[in-house]
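So the protein sequences, as listed, match chains A and B.
The first sequence begins at 1 in the numbering used here and counts up one residue at a time.
The second sequence begins at 1 in the numbering used here and counts up one residue at a time.
Just so you know, these hints were derived from the structure itself, not from any lab.
A hint or two may mislead.
Straight-line C-alpha distance at most 16 Å; calculated EDC-like pairs for lysine to aspartate or glutamate [stated by the list, open to error]:
1) A:K254 / B:D19
2) A:K139 / B:D67
3) B:K2 / B:D45
4) A:K85 / A:D38
5) A:K137 / B:E66
6) B:K60 / A:E229
7) A:K263 / A:E229
8) B:K53 / A:D38
Here are some chain A residues the structure puts well away from chain B; computed CB gaps all over 12 Å [said to hold, decoys possible]:
9) G75
10) N111
11) K197
12) M273
13) V331
What follows is a list of derived Cβ distance ranges for each label pair [claimed, not checked]:
14) B:E20 / A:I287: 32 to 42 Å
15) A:D186 / B:L17: 26 to 36 Å
16) B:E56 / A:N60: 44 to 54 Å
17) B:K63 / A:K245: 53 to 63 Å
18) A:K254 / B:P31: 26 to 36 Å
19) A:D151 / B:N24: 30 to 40 Å
20) B:E56 / A:D235: 25 to 35 Å
21) B:F69 / A:D286: 34 to 44 Å
22) A:N60 / B:F69: 18 to 28 Å
23) B:G44 / A:D286: 32 to 42 Å
24) A:D186 / B:D45: 38 to 48 Å
25) B:K35 / A:R306: 55 to 65 Å
26) A:E169 / B:D11: 25 to 35 Å
Model, not experiment: these values are computed from the prediction.
Cβ coordinates follow ideal geometry from the N, Cα and C atoms, glycine included.
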Amino acid sequence: MRKLNNILLLIIAILLLITGCEDLGTLEDSQGSSIGNDSNLVIHFLDVGQADSILIQMPNGTTSLIDGGNRGDAGLIIDYIKGLKIQKIDYLIATHPHEDHIGGLPEVIKNFDIEKIYMPKKSASTKIFETLVAEIKNKGLKAVEGKAGIDIIMEDGLKFSILAPNSSEYSETNDYSIVTKLEYKDTSFIFTGDAEKPSENEMIKKGYNLSANVLKVGHHGGRTSTSEEFLNKIDPKYAVISVEKGNDYGHPHKETIERLTKKGVSILRTDEMGTIVLISDGTNIDIKGFDNTEDNVENSKENIERYIGNKNTKIYHSESCSSLPNKENQVEFKSTQEAENEGYQPHKACIKK
Amino acid sequence: MKGIIDRFEEDFAVVELEDETMKNIPKDLLPLEVKEGSVLIIDGDNIYIDEEKTEERKRKADKLLEDLFN
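Extracted from the complex, chain B is given alone in its bound form:
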């Protein structure tokens, strides 16, 4: 399963899952280098960062933002 980190709140990363539900994942289950926007591969308690997807989504989001304003 994949997820995208929406934000951090206290001891949790708030993650948007593929089915578009939100899930609190304790920070100590996550790799140290996670950031807001990191795409995660969630395999039970083993969670990795999908670096390629993270970059791809960041580029896409920035492009969307650019087109958004007058």
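Okay, chain A solo, but in the shape it has when bound:
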């Protein structure tokens, strides 16, 4: 079932993000916002259940993947990225070597060109870690040690930098997590992996500018991350939690949700919204959820705009118009702009301008 839902989700993502992109450069939705625009920053929090995987399409054309879900999520992640017609991942970040963060990465590395891989200097005894290292080696690649102070991208209006880890020895593997901050003009995002309070405290102590519009909450909303002090420094408008409905660990924990709610932060959860896509034009952030329940898939389908043109009269109609042309005379457009670019005029009765 999950697989079927994921396929539907992928189809919708492709329809929304690719078709619009190829034909028009942008796809307008009912709010007038656009996705797939070349100058936008697009961040996809993939719905990989109780795991993490975040795909980032930078406005400068590069791509970053932060974590690769569980082992079983490899196919979903690969299909999703390929669905966006992406062949190369410029900055692959394995935040820390737990299976729910590196699980899908060996297959991802096999399937895409990889420019750079950032990993913390922390080993794991599992086979999945061994497989990951073997795959990196197979590709003739080496990893770069991800640690605080590294700027991955440093351009005018676009900065992608590493804020943690700040130490080389921690008692918990989670605290080795590579934490990144992404700034695009007036919008900013922090991705924390599974970093917990000790690492959060180090980031505060170092005096980094932690302020951000969006926080990817640490450790799936576990209570040992997202301390009040850390949250105060970030002061986010939105918090994204990557988590599976009914997981065995009680994530996200009540205390974390309470800390976020008390601060007035809007919580976006993959267990409720499915894959979450944030689109920044540098000033505003648009939010789209691609829920994996069938009802919402239906709703999402309805939200995809379609217009029907009459080949004879060169007039285009909304899909629900009562005076649509005969099937053989129909031509389909994905937006009013596309129809008008083709020289079609709106049918005044059904197209509100």
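Given the coordinates of chain A, work out where chain B should sit on it, guided by the hints.
Relative to the frame of chain A, chain B by itself:
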């Protein structure tokens, strides 16, 4: 059957089994001295640590890590 502890989450050890599937094993079924990376011998509800294998895999992982970076 054998397994390697990938991590701990709440009351569970998340264990990577030999067939590379993941399994949540309640902590109270495990010996007290288990750590992340411990190799377990799972015989129904009787679970032991394979100390030798644990050491061997740890050494191997550290060697892999060393070779990984520029």
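Now the hints, each set against the structure:
Between A:K254 and B:D19 the alpha-carbon distance is near 35 Å, which puts this suggested pair outside the 16 Å criterion. Distance check on the hinted pair: A:K139 and B:D67 sit about 14 Å apart at the alpha-carbon level, within 16 Å; holds. Restraint check: the Cα-Cα separation between B:K2 and B:D45 comes to about 13 Å, which is no more than 16 Å; the hinted pair holds. Restraint check: the Cα-Cα separation between A:K85 and A:D38 comes to about 14 Å, which is no more than 16 Å; the hinted pair holds.
Proposed proximity of A:K137 and B:E66 is supported: the alpha carbons are some 12 Å apart, at most 16 Å. Distance restraint check for B:K60 and A:E229: the Cα-Cα separation of roughly 39 Å exceeds the 16 Å cut-off, and the hinted pair is therefore not satisfied. Between the alpha carbons of A:K263 and A:E229 the distance comes to roughly 11 Å, so the proposed pair stays at or under 16 Å and holds. Pair hint B:K53 plus A:D38 does not hold up; C-alpha atoms about 52 Å apart against a cutoff of 16 Å.
Non-interface call for A:G75 relative to chain B: holds, since the shortest CB-CB distance, roughly 15 Å, exceeds 12 Å. Taking the minimum C-beta to C-beta distance to chain B, about 19 Å, the non-interface status of A:N111 holds against the 12 Å cut. No beta-carbon of chain B is positioned within 12 Å of the beta-carbon of A:K197; the least distance is around 16 Å. Even its closest Cβ contact with chain B, about 23 Å, leaves A:M273 beyond 12 Å, as expected for a residue assigned away from the interface.
With a least CB separation of 50 Å from chain B, A:V331 remains clear of the 12 Å interface cut-off, as annotated. The hinted window of 32 to 42 Å between B:E20 and A:I287 holds, with their beta carbons roughly 36 Å apart. Take A:D186 and B:L17: their Cβ atoms lie about 48 Å apart, and the range 26 to 36 Å is violated. For the hinted restraint 44 to 54 Å between B:E56 and A:N60, the CB-CB distance of approximately 45 Å keeps it satisfied.
In this structure, B:K63 and A:K245 break the distance hint of 53 to 63 Å, their C-beta atoms being roughly 40 Å apart. Taking the beta carbon of each, A:K254 and B:P31 are about 31 Å apart, inside 26 to 36 Å as hinted. In this structure, A:D151 and B:N24 meet the distance hint of 30 to 40 Å, their C-beta atoms being roughly 39 Å apart. For the pair B:E56 and A:D235, the beta carbons lie near 48 Å from each other, so the given range of 25 to 35 Å is not met.
A C-beta distance of roughly 38 Å is found between B:F69 and A:D286, which places it inside the suggested range of 34 to 44 Å. The hint said 18 to 28 Å for the Cβ distance between A:N60 and B:F69, and at roughly 26 Å that hint holds. Checking the proposed 32 to 42 Å range against B:G44 and A:D286 shows it is violated: the Cβ atoms sit about 53 Å from each other. For the pair A:D186 and B:D45, the supplied restraint of 38 to 48 Å is violated, since their beta-carbon distance comes to about 57 Å.
For B:K35 and A:R306, the Cβ-Cβ distance of about 57 Å falls inside the hinted range of 55 to 65 Å, so the restraint holds. Between A:E169 and B:D11 the beta carbons are some 27 Å apart, a value that agrees with the proposed interval 25 to 35 Å.
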